[in-house]
Amino acid sequence: MITETKNTLPKEICDFIDVCLTREHPESYLIAVLHKLQQQFGYLTREHMDEVAQRLHVPASFVSGVATFYHFFRLQPRGKFSISVCLGTACFVKGADKILDAFRAELGVDLAETTKDGLFSLDCTRCLGVCGLAPVVTINDKVYSQVTPQQVPDLINRAKADLETTETKV
Amino acid sequence: MTRYEEIAQRIQKDFQSQLKSNQIVIQIGSATCEKAAGSDLVREEFEKLVKATGRQDIRLKQTGCTGRCSREPIVGVFFPGQFPFKYEKVTVAKVQQIFEQHILGGKPVLNLILDKKTTKYYSHIVTLYPSNAPGFAEDKKWEDILVERLKAKHVDPETTRVFVGGNVNISNKVQGKQGVGMMIFPEKTLYHFASEAELDQIIQAHFVENKTCPELFAQIDSMTERFFSVYGDVAFFNKQTRLTLRNSGIIDPENMDEYIFNHGYEGLAKALAKNEPNFVIEEVLKSGLRGRGGAGYPTGRKWKDATTSPDPIKYTVCNADEGDPGAFMDRSALEGDPFSVIEGMTIAAFAVGAHQGYMYIRAEYPLAIERCEKAIAKARAAGFLGKNILGSGFDYDIEIRLGAGAFVCGEETALMRSIEGRRGQPRIRPPYPTQGGLWGHPTVINNVETLANVPVIMVYGADFFARIGTEKSKGTKVFALAGKINNTGLVEVPMGTTLREIIFDIGGGIPGGRSLKGIQTGGPSGGTIPASAVDTPVDYDSLTQAGSIMGSGGMIILDDSDCMVATAKFFLEFTQDESCGKCVPCREGTLRMLEILTRITDGHGSLEDITKLERLGKLIQKTSLCGLGQTAPNPVLSVLKNFRAEFLEHITEKHCPTQRCPKLVRYEIDEEKCTGCTLCARRCPVPCISGTARKPHVIDQERCIKCGECFTVCKFDAVKKL
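Those sequence lines, one after another, are chains X and D. The numbering of the first sequence is this note's numbering, which starts it at 11 and goes up by one. The numbering of the second sequence is this note's numbering, which starts it at 162 and goes up by one.
If you are wondering where the hints come from, they were derived from the structure by calculation, not from laboratory data. This one's a predicted model, so the numbers in the text were calculated from it and none came from an experiment. We treat Cβ as the ideally placed atom computed from N, Cα and C, and that holds for glycine. Mixed in with the good hints, there may be bad ones.
As the list claims (entries may be wrong) - Below, simulated DSS-like cross-link-like pairs (lysine-lysine); rule was C-alpha separation at most 25 Å, straight line:
(1) X:Lys108 <-> X:Lys16
(2) D:Lys815 <-> X:Lys108
(3) X:Lys108 <-> D:Lys181
As the list claims (entries may be wrong) - To give an idea of the interface, some chain D residues facing chain X are shown, with a C-beta separation under 10 Å as derived from the structure:
(4) Phe176
(5) Gly228
(6) Glu483
(7) Pro486
(8) Ala488
(9) Phe489
(10) Asp491
(11) Gly547
(12) Asn549
(13) Arg562
(14) Ile580
(15) Thr728
(16) Phe731
The shape of chain D in the complex, shown without the other chains:
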């Protein structure tokens, strides 16, 4: 038995006995977002209540975040053998209710359940996963057929609920085959049927005769099973495919045993047992994994590039400098499952022959730093880092280096300078980091999400990974969904999923009855896709074609109250502020572009400004030294392309249709409503409001400075904002 097998077996035994002990588990989210929503207070309250009962069979467990930000804090209650209940927006007062009614009384608090999907205490939950194989009758409403058949067999539809999941990768065996996956909880049985006759067979056996139907069993991989057994009834989750976030919100991020129990370090053990670095590189190449930081360079090729150098000293680096404002998937991954990233780094190091690695994490993420520090120490203590890893003779260790608030340090050459302790200014490539990186030695730099995928490829194989996604973009991508969307949070979907599915099926659409206006991806380096292109599939090439980029995964949804010119200006202010100042096009060019945009939003723009913006933008793209400068004009150019009419309205009409640009707003007094109270005239700082008491007042538009004071103070709603 290998050393890994010994460890895995011991952990297996521990966990099995824990499962047998019939504990009630209360699971509480503990990521930065959960804490911001108040999960610490919730946890303290539960601790107090559990202690007061003196019961030993109730266990509190912390997890990272599941990515359901708008409903946090989320608390899961797991009774052995029962379907898990998840509560949303839990407060201290609700903790007492949940504890008394559910944990002590056994009756779930139905009105607090996540997404209010549950109205009754179910005996079974069935989730259907229609196949994405070509030629299969997808138009068939399998959900309706199933509900109808269950009714015919007198199965109570109130206690057996049916949900439809997305085209998720439910099982390696089912993927790519014609048919429908059918998962039944709480038994955690997965069937696979390809005809109505087969469906009848399952219903007869499982629901009528209370048996199973082994000939239609499908083998379910544990990664998918444990995610769906917790979150399978929630539409936000069951349409996702979780590879990168496979453990986030499921395991305790500080418990290495639980990570190992869930196939953790199996990938590394496999790679070390083979003892062939080339095999690892070939697998990663075959899987089609591309860099998730945004540029999409094939990961396997990057690793191969590094091995061509004869230099015996090599480094691996994890780029966790998630600087794109509006992106938070790396933070969540590091807080929810740090071991996956550390294992990925170790496998990468073995493949390229590195013995030292660095994790470069933003200083703005203190909890992620703390979790990674703990995880590295635990991995070292257990022999997964350090000298002679798992008895293989391979040495590797990881050090954490902190960023210090510089967006440009996400650029690889700047990042390396920062690790070296210097000012994070980029340099010209070549030499590329894989040839001459940290202190001149070959260095492989991968993004957090990329690395978290590596163990999956090693455990399940390159073919498994390559079956997910599109021809040129393999696997899944995590998006940080934020802005004007009902379900803000983390969404992991197979490449090729359309924006519409992400925004409306998973994201739940736009709040407040407003309509979708644009989708901003790629942050300050990306662009805004208009609502008309909502059927664009998300993969590297399609997003580029639509005028934006994949980027690191920030996805900000804009509705009809958002001003596109102001949004473009926001991003330019950001890049201008973050420009390191080394090269002229970026340092001076972005400043001039910002001046023009400010002129436009102040109401002094001319049509010539559009030509100037476009010319300058293209020049900056072509002549800047690093990625920051080369992509800085993108938000402006994409808005010019996709929302040109709005731009023109700002210039020719001096009017902002969304009233987001304060200087392009006009204030008028409604004669009918004005009572002549004189309050606005007295408060006007210019003053430009005239009129006599008890008679309607008038604003002199020429002299008005658009401060909005009259609008704010009017008690009769007589001042109109146009």
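Next up, chain X with everything else stripped away, as it sits in the complex:
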């Protein structure tokens, strides 16, 4: 089905696509465009992807093919806090599975799920390269090292507290 361009993309991204179109092999910037989109919205929507396809002059199937191929791109909205437990080798050897279980129990969600209040999403990642300080967990952009299952409730509470302070500031 052909959909009309709906102009839902933010201006910076349209401008970036326009710049790409002036360069050689504009379609090769697709992954870069999707990165920018996800950075801004947290995930990729069907409407956004369709508009990217039209502006970049590639088939919509090409865009969704790329978006679904790479683990990094998400097609579902995420919680305010994206918790990612590293399941790389070093973290695995140092008991990352137990940390993942602790998050599961504490949040009541499984991998790739979001809590009902929309606050926390639980994910895993394959190695952040901080193996020397394994096991590691990231909450949004912050990296926590040498985490123990006992620290898990504290990490969640700290994130909640951060949210309260920022909200009261606003």
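Fit chain D to the known structure of chain X by using the hints.
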């Protein structure tokens, strides 16, 4: 004077005047790992304190990471003319102590020093580097001889400390010669002696008469000097040979001038001045440099392959898609010294005649991406990238392309597709990338570590490089040491160093009094080497013989509490998850192997499963399209070969000796300890625990689901895990 010489001279002048200004430098690590350990807070605290004093002679400096992960954040304090002090695991509270006591008071905080090697304020630090030349009396305890002689001359052994370094490449001149290198700090003097008489001569002149002994001077190259002048007293470092990581943890990765000051861009300037691409290729061929991404293809030959094509459009690519879980040397190199990699790419481009390059970096490494972006912009602004580089007429530029979390994109044909903006699925070779790569044009793809070595070869020459390592594997290799090891971190050693030296001499052995069980190298494409083969030298061929591979450099140490079947399963889960799905053997085969392994760890395995795993594994190796599939069975096959008894125990006894496989654990209640509190019986979800109050309880093994709840809730330690 060439344009490079002009730039280098100006920088030399700036830095000399900075050195003369007698600044106190506080050096703070700023790589992802350092930040995870809290280095940002440390830096802020120092900034605050320095500002409060209003002093202009205290300078804060950021560096990448030195690779001493388990002790981060690390802070170095450099007083002019004094030996540098490094502090470990610095926290905000410790910052205040260090600042007041050391920086303002001049007295180092001895109990916070890295590795606690220092207990006193030394006047001198002497590091000995015995020669690796054949025939030299290596059995002589030069350390003891030196200490004894110093005592005889009444040099206080408390203030002059002696350390022994590894067979490091301390100087081009000393390497390969019989004798011992002797570096004295803080003077930074390097002597070279070949007999006890010569040693006496040095001691008499240097320590007794306070002079020097010029006839025994050895020329020290600045690359080695600046590393050892900072870290020479730490065993973790002084047994290493740092070529790839020559600047990591030493220079500010965002300061191009400091890179140039340390021989940066000298290699490119040399290559451009010669104006002969063939010369560069011949040098790299002669150096014996092989691809550090894992496969070990000779770098020079790859470059030569690309030049045979008449196509005027060529590309160079830096593969920084470090997907092997457990490897982090490329991240550290890009965060700690991005210019080396960029210079290496530029030299490669000049050699093959490319004008456009791409750095393909994992999206999981945001700091590495940021540092590379900054470095490329700075190099472009200074004329090291772009049109007419250094006035030579050569044009070259680099663009960064991000990965998006696909392990298979480390495979070169998949990587190129990803750069082209497509799904990163591999294709059949030939054509090889050097013939038909990006958009059909010849493309040279090199790994981060390979490229970082190229400037070293250009500056110091192919012969220098070829003297390090073994006959077939030249130079050094960086390993990311992690898992059950005391000193986790980055270790760069000459090829041919044994696993034992890496694990025990540098890595400090296994923590918690446990014993070494296996060494996993090569990640999901590699295998696990048993502890009995710990004397295997690390080079491409020996590791393959030992049943693993060199791989990109991840080295995970496993101790006797790690289950080999679970580890093999872990890697298979990984490759199964990362299989791109294009070819059947990899997509379906790894899934079936994983099913069999799950069956075994769930306690339903049969002996037939071993034959099935081996047959299927070999089939996948032979019939998969790309490297991911061809190597995916390796972790399982190597465990089957090296740890077969453990595998069999899982199948025949339905028992996991390390208790890592939850379903193969048995829970029993100790009659003596059980008080009959009934807590376990009430919590058991099945329920399969029976007994009356105040009498010992019993678990019905047939019905037990091994959830472990009884073990967790028992307050009397009566539930045993077997």
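Verification of the hints:
no.: 1; hint: X:Lys108 <-> X:Lys16; verdict: violated, 46 Å
no.: 2; hint: D:Lys815 <-> X:Lys108; verdict: holds, 23 Å
no.: 3; hint: X:Lys108 <-> D:Lys181; verdict: violated, 54 Å
no.: 4; hint: Phe176; verdict: violated, 31 Å
no.: 5; hint: Gly228; verdict: holds, 8 Å
no.: 6; hint: Glu483; verdict: holds, 7 Å
no.: 7; hint: Pro486; verdict: holds, 3 Å
no.: 8; hint: Ala488; verdict: holds, 7 Å
no.: 9; hint: Phe489; verdict: holds, 3 Å
no.: 10; hint: Asp491; verdict: holds, 8 Å
no.: 11; hint: Gly547; verdict: violated, 16 Å
no.: 12; hint: Asn549; verdict: violated, 20 Å
no.: 13; hint: Arg562; verdict: holds, 7 Å
no.: 14; hint: Ile580; verdict: holds, 6 Å
no.: 15; hint: Thr728; verdict: holds, 8 Å
no.: 16; hint: Phe731; verdict: holds, 5 Å
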